[in-house]
Structures are given as structure tokens and as C-alpha cells.
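Q: Taken in sequence, the protein lines are chains A and B. Residue 30 in numbering that gives the first Met the number 0 is what sits at position 31 of the first sequence, and the numbering runs on without skipping anything. Residue 199 in numbering that gives the first Met the number 0 is what sits at position 200 of the second sequence, and the numbering runs on without skipping anything.
Heads up, a few of these hints could be off.
[Unchecked claim] In silico DSSO-like links for lysine-lysine, alpha-carbon gap of 30 angstroms or less:
1. B:K124 to B:K274
2. B:K284 to B:K187
3. A:K66 to B:K284
4. A:K215 to B:K124
5. A:K66 to A:K211
6. B:K124 to B:K187
The hints are simulated quantities; they were obtained by calculation from the structure and are not laboratory data.
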Amino acid sequence: MPAALLLCVCLCCDEILAQSRDLLGDRDVPPPNERFHVETEREVRVTTAVPTALETIQIFGVGLYTKNIQPVWVQIENLGDETLWFLPTGVDEAYFTPIETSYRQQNRIPILDWALNRDYYAMRMSMHIEPGDLRSGYIFTRVDQGTKSFNVDVFGDEEYFRVSFFVPVPGLKLDHYKVEWEDLYTAEEIRDVDVDGLIADLEALPCCVTNKKGKKFGDPLNLVIVGELKDVYYAFMRAGWDETETIYGASLWKTMRSAIGGSEYRYSPVSALYVYGRSQDTALQKARGDINQRNHLRLWMTPMRYEGVPVWIGQISRDIGVRLTWKTITTHKIDPQVDESREFLLEDLVYAQSVSALGYVAGVGAASFDEPRGNLTGDPYFTDGLRIVIFVSAEPVAVDEIKLIDMGQHPLRVRQ
Amino acid sequence: MCGGETKIATVNRHDVRAAALIGVLLVLSACATQSFVAAPVGPSDFIQRGISQTDQSVIVTVAVPTAEEVIELLGVDLYADGIQPVWLHVENRSDALVRVAHFSIDNDYFAPLEVAWIYRKRFSKSSRDTLDRWFINNAMPRHVPAGESRTGFVFTHATEGTKGMNVDVYAGTHAMSFTFFVPLPGFKPDYMNVDFEGLYSDDEVFEGDLDDLRNRVANMPCCTTSESGEESGDPLNVVIVGTPAAVRGALLRGGWQETETDSPLTRVARMHYYKGRSPDGTFHKSRPDGRERKELRLWLAPMLIDSETVWVGHISYDMSGALSNSDLSAYQIDPDVDDARMFLLQNFWYNQSLRSHGMAAGVPAVTVDAPRTNFRGDEYFTDGLRAVLLVSEEPVGMDETRILLWERDLAE
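The shape of chain B in the complex, shown without the other chains (with noise of 0.2 angstroms):
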């Protein structure tokens, strides 16, 4: 083992891991042989993904490898770190110097050595300044001089699903503010799989405008069903009105997840039906520092509002974590739902997609001396109210959110 050459060149992650494994026992031996071998990053299928956008003479380019897209790259698995490489192509048509803020990608970004110092071990002393190298001829530049391009990398933290970001880049003091959202093949959000067309016939959709709004939401059912339709679930907290894109980007800005349908993280959400099915999509947030999350589960609603989809969910914070991923009897929900929805405002508001809130009635009001509880034991106490968030596809000051003098928090 310890002459021979380890070689790099499958797709497999489990292959690689392995890989990875025996690289430390033979650190461990003192004889790392392994060489780094970089492919091209030219011709990559993910490059051919990119997206453009265009503001005055700056041409943004971004395109995120997958996981095997990395491996076949690098010859290490990246994501399993929990890191996530994002391409960029600069264009700079004007006549002046731009500077590309790495910091508006990901404020915590990875720095191109500190990458490289991780996966060093593993390779042939000899090959260790090809790694440095290669990750410092690749990391995106800061600066692109007038009519010239710059390409690279920026090593941002994993997420799952489609990656939305921003890219801000500065022209002496005038800001161009980018905002992208990458779709990541081999992962199909819950959502995805929804025929919308075919949820509700032309007459069952309800079509109005803001007056209409508040007496509709207070008369929406309190809560989920369980799938029989029978018992009552949890409590329906949260309408969301806008444009699909403006949910969807609310929902990415705030640094929500995305699910795919069958994943066992929302074995508790797929229990909660609305009009006879389990939600149309499932988004969890979890804490910076831990796993605990909060759960957003979303169901279009037979409604337009000034021609804008009206989506009604529930949200609530698991406060268990990964433990019930594995262990459903483990999950354990915040009995403050209500804590839960006023986060998701906050979290639209300080994100700058909230054009406007207001507090609706709907569900019965229990007290934390006495919650109720669902169909599945899980207890909840609430003051009984909506939160009905009016979402914006184009960014809004924290200051020009209008809210809605519907109702008050009744129960303070």
C-alpha cells in the first residue's frame, strides 16, 4: 500500500471517501503518495449551466458544480466538508475598474488555501504546491481592470438544493447588486413535482384584491387535517401573496431550504394535508450554530389576489433537530408557533422582500396554561392569528414595509 500509487478517477462518493480514508492512515504512516491531478475547468457540464445577468456594462456569470461535478474536478469531495464552490465570469464592458465583494456571496466564505490546507494530508509532499497553486490561480479575483474579463471560484458553504446568492460588485462607489438562484441537477424540490395547473378548475380559484384578502384568510380553515381529513393538525399560520418568483426568491434570500418530496426530513410535514394533500412544498431554516430548525410548509391556495398566487402554510420550530431524521419519536416542536411565524416575517422583512404585513384572525386562541393538541400528540398554544405576508420580487428598504392595521396581538 504504501509504494503504490493511489489514484483518484471515479465519480463515486462512497469510492471516494474510502479514498479519503485510506489518505489518512497513510498520513498516519507517514507516506502520502497520492498525486494532485486537477481536470480542465473549461469544458465542465456545469460551466454550460451558467447564468448571466447584465447591469449597464457588467456581465455577471455564475454556475455551481454538483458534488460529482467537484470530484471529477479535484479528485475530493468538497461538499462532504460542507463546502460548495461557485463559478464566476466577470465581464467588465465599462472604462473603469470593478471589484467583485466575495463577502456579498457568502459572508463567511472560505478563503482558496484555507480549502487546500484541508485535503494537503492527503496528497505526495511533492504535489502539495500544485493543490496551493491550483486553488489560487482559480479563486475569482477582486478586481477586473476596464474591458477585461476574470473568472474563479468562491468557496461558499453547502446548501441543499437551488443556490441562490448575491453578487455585489462596486464601480468606485456605484453599487451593482446581483441576485441569482442556480438550480442544482440531480435534486428535484417537492415542489417541482407538483402539476399546479391542474390543482383547482377555472371556477373554484377565488379572484380579488386586498379588501378581499383579510376576510378570506379569517375564513380558511384553523388547521392541517390528518390524511383522512378527520383530526385536526397544526395550526394554518402563515399566508404568503406574490408571484411565484417573488415567493420563491423570498423564500432563498432568507436562506430557506428547499426538499425533495420523498426525503425522510419531512416525514412530519407529509402527515399535515390541506384540501385533501400533503404540502406542496416543505422548507426548513436551521440555527447557524446547531440543527435545530424551523419547518415552513407551503400549499397553493385556491385564490388570487390582484392577480398574485396566495399560498397558505404552516410554521414551527423542531426544536430535536437531525435527532428526529433518524427517530421520529424524537421530533419535538416549540409549543410557541406563534414565536415560529413571527420569525418568518422578521426573516422576509430584514431579507427585503416584504412589501407589506398584516395580522389576519382564523385560528382559535389557546393559552400556554392550556394548549391543544394535534392529531399526532404534538401540543401547540397560539394567539390565534395569521401572519399574511405580501412578498416582492424587486429588494425593499426595511423601511418602506407598509404594514396592515388588521388585527392586534389580541392575547397580549
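Bound conformation, chain A alone (with noise of 0.2 angstroms):
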């Protein structure tokens, strides 16, 4: 089957570059499918489409995916009477320009071919869109599997339209997808809670995840989460975080030829850890220099709904490192100090706009340096026994904005 599917790609290409060669000179280049999600603010329109990693091979012929580079086709109208810049920066800061994307194609080689050049150059995204313009093109960014993020800038003098995209792309077996959300609880086994009846249920919570059995504690359970799934899932994608992929044979290997090899997989699968009797509903990272600095959280959606929104407990550390053991083969060292980990992610959500409020409570039971807790790999941690609470929210807020909600806790009243 693979092998008749290339067959077809490479008839294909040539066909769809011909097309866009055709273009040339066009303002208007097409969409790669027609999974289009459509945005309008006042007087701009948004239309946005990702390829996959085989539509891709579709339109530009090549692979780009495996250079690390993905296309967004974007198409923007200016129903309004003046100039707007769109600037590609909001939709990845580190874009790749087209020529480069050509020249990474060709391998670096240093004699640019100057035709494939010229069909990613007549592909590119304007900049300028003239009052009661049409305009699309590609911009070429660094690869986001499963769900691609990002926003669409566009200014006029001393005017800003932000539109933001969230873009699923096929391909990823993301763990979340397999949760059923409206099965989880019973309607009996909901319960709506005020502020105290909040603090009381997550103080009664237990520490720390636990191992499938139930009769081990794990890590810590440091964070609180109020959200709809939805704002809740845009808060991270908004701040960096990427999804994770569920165990599988496949991803397991990618990991670790990233672990050994160094080079970089975003979505590498994470352990069950279990709360409720299960495995995390959804676990989230945060990709940095290489796979062994990343910072990991699950989430488990609990029965407490807050002002009928639900609330989330769960777990968050930072890898620093890779230890050998005998369960799972490679493990990640955590940092110890949790608590550094729980602030980080804090202020990583409150720099991405997305907090409207936050506290602290009890419920982990404090550890200090010298006796400290263990996880289910070995790995000690220590913590002021805080748990925190934010609240999340599906607008923007400045972080001047961000009430401050006292639970009756504040890491400087508990003596680290």
C-alpha cells in the first residue's frame, strides 16, 4: 500500500507544482484541504487550513515534516478601508523563511536551485492586505502535532485584530481523545461546591497519585485547575504546552532514540500514574533544550464543580535529567524542589493571559530537604505541602487583572 500511495504523491506533485507555478503572479494561492476553521474580528476574516505531513508531500512534493517544518496556509480579507499588516511572528516567532525552507530541503547545499526557490517564494504569505483585498500563502513553522496553535496577527495604525487558532492535525494518537468526558461521573456523584466546600474537598484529596494497585504513593498532587475542558485545554496550548502521545510500541521507540540520541520529540509518551483508580485523563508537556529538561502534568478531571465548571487536580514536575531503572528502562529524574516546578507553571500561565484568578490550599503534607518524600520511580521530592488553584479563563486577562483568592494558605506562611 505505501508503496502505491508514493506512486500516486509523486504523480500528483508534479501536477499541483505545476499548478502553483501557474500562480505565480497570482495573489492567491489555494488551500491544502478543506479542513478550514474561519475566524472573524470586526473587520478582518481568518481562514486557516494545515496540511498533514502527507498533504504536504502532496503540494510541495517533499517531505517538509521531517525538516522540522510545517506549513499553515493562511488567508486573510480585508473588509475595512484601510492598510493591515499581518505580521507572521504571532503565528510562530521563529518561522522559517521560504527560500530557507527550499535551501533546508535541498540539504544545504549552497547552489540554490533557483525554480524551487521561486515556487516556495510564490507561495509565501503577503504581509500587506489593502482595504477590500483577498490575500493567502503559506508560512512556514516549526512542526505542532495534534493540535497546532497559534495566532493569526494583523494591525492597522494603532489597530490590533488577534485571532487565535487551535487546528487539530491528524496523525497523533493524543491520550485525551480516548477519554469519554460525560461518562466519568454519574449525575449523583457530581457535586457543586462553594469557596469553602472547595478548599475542604481539595484538602481532603488525597497526597499524591498512587501506582495502578492503589497501595503506593507517587508524586505529589501540587495543582488545582477550574476550567471548562475546552478553556482549560486552550490556557496550555496558548503558553507552549504540547500533548502527549498514549503508549504505544511505535512512540515508545521514538523516545528513546530521543533519549539516547538527543534529538527532540515533543509528544513522547508519558507513565500512567493513577488518582480515582485511573490512569491520568490527560497529560501535557513542555519541550526545552532536549527531551531530558521538559516539564510534565497530568490531569485528572474530579466530581467537584465549581459555579458548574469543573475542577481538575493533578501533578507537575520538571525533568533534569535521565536515571536508568529496571521498570520502565529509561526514567526521568525529577527536580526535587516541586514546589519551584508548581511556581513555573504558574507564572507560564499567567504570562500566557490565561489565569483570571489563583490561591493555595493544603493537602499534600509538607516534606522538607533532609526527610524527603519519595515517587514511585525513587526519585525524593520535598515541598511546602501547598496545593495551587488557578483558575483559568477562556479570555484574555492582563496579568494586572488576576484576582487573588485567599484559601487560607500562601507558601510564605508554611517554613520551607
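Could you fit the two chains together into a complex? Lean on the hints.
A: This is how it looks when you write it as C-alpha cells:
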């Protein structure tokens, strides 16, 4: 099947490339697929579409994804009466230039193929959109699989239009797509709580995750998120967190290769930890320099509803190195100072303008540097014993608009 | 070797690297015996170089140790691993708790124990606790209670030259933002070697206002030249207007790295001449995931616009990245120089440095199909426009930037 498919792809791509050549001088670049996402913000209508790895081969004749390049198709319609500027930095601050994309495709041989350069250049998105005009083209970004989240920033003279997109890209088996959110709890199990009830219920939750049998305690549950599923998800996407793949053969292999060879694999699976007798409802990670430096978090939906909004309990840790263990072959050494990871997450979400309010509750139980507790893979950790409670917002919240809620605890009041 | 005590007391980085290698070998033979001994922070020279700023009742002081000073302090070379500690002192004279946002200093800072973890295997098992404790106790705390002070390090990604950073401090919901540019001794950026006062005589300097700027810019020479002045170089596609402090601030906020006059990184830049001299300042900005970099070459122009300095320059993208550091023939400019020009425009815009901008003519346009070749043989094409960027010392919200409706993007 793959051979037949490839053959078809190569036959098709000549035709598509020929079509795109015909478009030279034209202002409109056709979309890669029909999975359009359309948003309108006052006088600006924006349509986007993200090609999969396979569609990219069909359009450009080559596999850009393998070079970590993901084209994003953007179409902007200027419905107003002043010239607008589109700034691709909002889509990806480290976007690739069209000719760089071509250059990387040619394995960085300094003798440039001008015909190829021209093809990529002709498909680029314009930065100017005149009144009444409609422009479309590609921005060449770094690859995001699972969900591509980006902003389309458009400016007029002292005017600003921002449209955010969250575009699913087929090809990744993501853990949270498996969870049947509606079926997690029955109507009788759902509990509506006020602030006092929220504090009491959160402080009564177990200190930590457990193993599958529920017999051994692991990492501390130091994170509480209050928000609708969609808003929680967008909040993390905006701050640059990635989804994780469920553990299956191929992705474990990719993780191994990345841990040993240092090449980046941003969607590597995480091991299952348990709360409420079930493994995490969703796990997210934020990649850093290499796979050994990343932040991980896991979330479980609780039966609590605060003002009708779901409450989530979770765990966050920062990987600082790799240790070999017998249980999972390679496991990541976590930063024992788990409170530092918790505060990092707060700032990360605050600067993504996703936090509307915050507070602290007890429930983890303090552990000191001298008498640390251990997680399931034997990593020690110490903590002031608090859980941070973060209320996320669908609308951007400026940092000076965040509400501080006194929930009876604060890191400063706990002697570390 | 195995039983001996290895002590690092020297300032020489090469010795330390050699010692680090020995450290690795010792680990392999499972007998790291070196003890971790940190020097006291207080009397260090770098703290004397601290810079303070005050906002109402909060005083923030920052200082940055050099690579050598870090080795003196800790016996390990953090800079070699891309880590640059920033020392902070926050004095809270208000009557409310304040919080320092480490994220504002570097949004991908290294956690204290993450840094300790990198070096732990070089030290004997018995001193690893001491190592961890040093990093915990010397990390900058996030909270500073009313009437108190806190001191400590935030571990940032290392940058060359002057360290530019923001420090955001919150008192409840009130936000205070401090911007610092901390010079590092031992590094002298190229523009510090230029005698700007002596470049032009008074009657050479044109003084005018914004109305004059567009024509003046359009009538500047199209391009840099070779040293002899006879051959044409790269298009002068950028003009920056602002006080010297505003221009420098915009570049540092945008993450542009300064370079030294004789740096091998700027060999190509120094082949290009304007007014008979190579660039007054050359700045680089690398991709976050690679070493390909934008290169900005700036010259002070003989012009004052509303009493502010005018800098003319060229920006392009070296797609070969670090390859051209050692092998000049590997240097590969992205011929689409307009893309690099627009990158700078956006970089200033997103970093809230841009007061207003316009596009002016001045370079003959050439298309992608018929690129022009400079004296080095580098090809480029352009719509012929120059980005004119007026920068501000104070932050400008992105929706406050004015757009001067001069030339449109004609090639489109």
C-alpha cells in the first residue's frame, strides 16, 4: 500500500506544482485541504488550514515535516477601508523563510535551485492586505502535531486584530481523545461546591498519585485547575504545552531514540499514574532544549463543580536528567524541588494571559529537604505541602487583572 | 588519581574544562572524590557592578558575574553549559508582600537543582548534599515580605555581551516592570570602539524633521560598497531612528547579540563599507532551535531627525548558521533580503519598541527570477524598499504603533 500511495503522490505533485507555478503573479494560493477554520474579528476575516505530513508531500513534492517544517495556510480578507499588516511572528516567532525552507530541503547545499526557490517564494503569505483585498499563502512554521495552536495577528494604524486558532492535525494518537468526558461521573457523583466546600474537598483529596493497585504513593498532587475542558486545554496550548501520545510501540521507540540521541521528540508518551483508580485523563508536556529537560503534567477531572465549572486535580514535575531504572528502562529524574515547578507553571500560564484567579490550599503535606518523600520511581522530592489553585479564563487576562483569592494558605506562611 | 583530592582553585577556564574531563573519567571509575566548596557570594566583584532601579517602594538591583567569576564562585563553568546566573536583590519598602516573576527574566530559566544536577557527578557523594543546598539557599526567592529584602540567583540562558532583561515584580495585582542592560567586563562591543563624535563635522550633519526623513532616506546610496568603494555590496534596507539609548534598548529587548570588533563572526559584515568604513555595530540573532542567524549591520548616518540619531543599515539572513564561522565559503545569505527586513520590523513591534514605521524607496528593485549579485558573489532580490523604524525608550503597546503611509509594498 505505501508504495502505491507514494507513486500516486509523486504523480500528483508534479501537477500541483505546475498549478502553483501558474499562480506566479497571482495573489491567491489555494488551500491544502478543506479542513478550514474561519474566524472574523471586526473588519478582518481569517481562514486557516494546516496540511498533514502527507498533504505537505502532495503540495510541495517533499516531506517538509521531516525537516521540522510545517506549512500553515492563511487567508486574510480585509473588509475595512485601511491597509492592514499581517505579522507572521504571531503564527511562529521562529518561522522559516520561504527560501530557507527550500534550502533545507536541498540539504543546505549552497548552490541554490532558483526554480525551486521561486515555487516556495510564490506560495508565501503577503504581509500587506489592501482594503477589500483577499490574500492567501503559507507561513513555514516549526512542527506541532496533535493540535496546531497559533495566533494570526493583524495590525492597522493604532489598531490590533488578534485571532487564535486551534487546528487538529491528524496523525497522532492522543491520550485525552480516548476519555469519554460525559461518562466519567454519574449525575449523583457530581458535587457542586462553594469556595469553602472547594477548599475542604481539595484538602481531603489524597496527597499523591498512586500506582495501579492504589497501594503506593507517588508524585504529589500539587496542582488544581478550575475551568471548562476547552478553556483548560486552550490555556495550556497558548502557553506552548504539547499533548502527549498514548504509549504504544512506535512512540516508545521514538522516545528511546530521542533520550539517547538527543533529537527532539515533543510528544513522547508518559507513564500512567493513578488517582480515583484511573490513569491520568490527560497529560501535557512542555519541551525545552532536549528531551531530558521538559516539564510534565497530568490532570484528572474531579467530581467537583465550582460555579458549574469542572475542577481538576493534577501533578507537575520538571525533568532534569535521565536515570536508568528497571521498571521503565529509562525514566526521568525530576527536580526534587517540586514547588519550584509548580510556581513556574503559574507564571507560564499568567504570561500566556490565561489565569483569572489563584489561591493555595493544603493537602499534599510538607516534606523537608532533609527528610524527603519519594515517588514511584524512587526520585526524592520536598515541598511546602501546598496545592496551587488556578482558575483559567477563556478570554485573555492581563497580569494586573488577576484576582488573588485567600484560601487560607500561602507559601510564605509555611516554613520551608 | 583515584585516591587523590582534586581541587579546583584556578581561574583558567581551560584548566577547569580539563578538570571537568577528569571528573567525568573519575565518575566512570566510580570514584569522584572532589568536594564541592563554594566561595562566599557577598564580597564578589560582580556585586559591586550591580545596577539598581526603583519603582515607588520597591528597589531592584541586578548584577551578572562573568564566566570567570562564576568559576571562582562555584568551581564549575556554568557558561560553558549555556547557563548565566543573574544575581538579584529586591528590597520591599512597601507594606505589602511582593512577588518576583522569574519567568519574566528568562521564560525558560533553569531551576536551581537542575543546574546542580548537571555537576553532581563531579563531586564526591558526601558533598552532593552541600551542592544541592547551595543552589537552594542561593536561588532568588519568589516572595519578599513587606519591609524585607531578598537576594539570590536566577539561572538564565547565557548571552554574549551586554545582558538585557526584564524583571517583573507584583504587589497584589499591581505590576511593576524593570528593564536592565548590564554590561559584562571583558567584552567590548564593536560600537564602543567607534569615536562617534569624530565621525562627522557639524556642517556635514543634516538636521530636519519627519517630513524630511522620507526624501532623505530615498536619496541615500542604494548599497554598501567594497573597501575600495568601487563595487556594490548589499542593499541598505533598514533605517532606525531614535536616541542611542532607544536604539540600543530596542536591539537588546529584541534579543540581538552584540559582537566584538575583531570577532570571526562578523568577517563578512566587515567587508561591507558605508561612508568609507565598515559597520559601526554588527548584531546577530540566532534561531532558537539552531545557529542560523539574522545579521544586522548599522552605521551612524550624518543626520538628526527631531534631534534623534539616524542609523542606516543592512539586514540579511545567514542560512548556513555557524558553518560560516570557520569556513567563509559556507556563508549562504537568504537572497530574499526583504524577509529579513520584515523580521526586524516585527521584532521591534513585538518587543514594544516601535513608535512608528514606514517604507521608503531607495534600492532598485530586482525580482526572484533575476537576482542581483554583490561584490562577494552573494545573490539577493528585493522590492527596493527600506524599512524606516522609529524606536522609543519607553515601551509602546503593539496597538499604539503608528504606520506611516509612505511607499507600499510595490513588488506585490
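Q: Now tell me, hint by hint, if it's right for this structure.
A: Here's how the hints hold up against the structure:
With a CA separation close to 62 angstroms, the supplied pair K124 of chain B and K274 of chain B exceeds the 30 angstroms bound. The hinted pair formed by K284 of chain B and K187 of chain B meets the criterion: a straight-line CA distance of about 18 angstroms does not exceed 30 angstroms. Simply put, K66 of chain A and K284 of chain B have alpha-carbon atoms about 21 angstroms apart, close enough for the 30 angstroms limit, and the pair holds. About 28 angstroms separates the Cα atoms of K215 of chain A and K124 of chain B, which keeps this hinted pair within 30 angstroms; it holds.
In summary, the hint linking K66 of chain A to K211 of chain A is not supported, as the alpha carbons are separated by about 39 angstroms, beyond the 30 angstroms threshold. A distance of roughly 41 angstroms separates the Cα atoms of K124 of chain B and K187 of chain B; the hinted pair therefore is violated under the 30 angstroms criterion.
When held up to the earlier numbered hints, the structure conflicts with 1, 5, 6 and fits the remainder.
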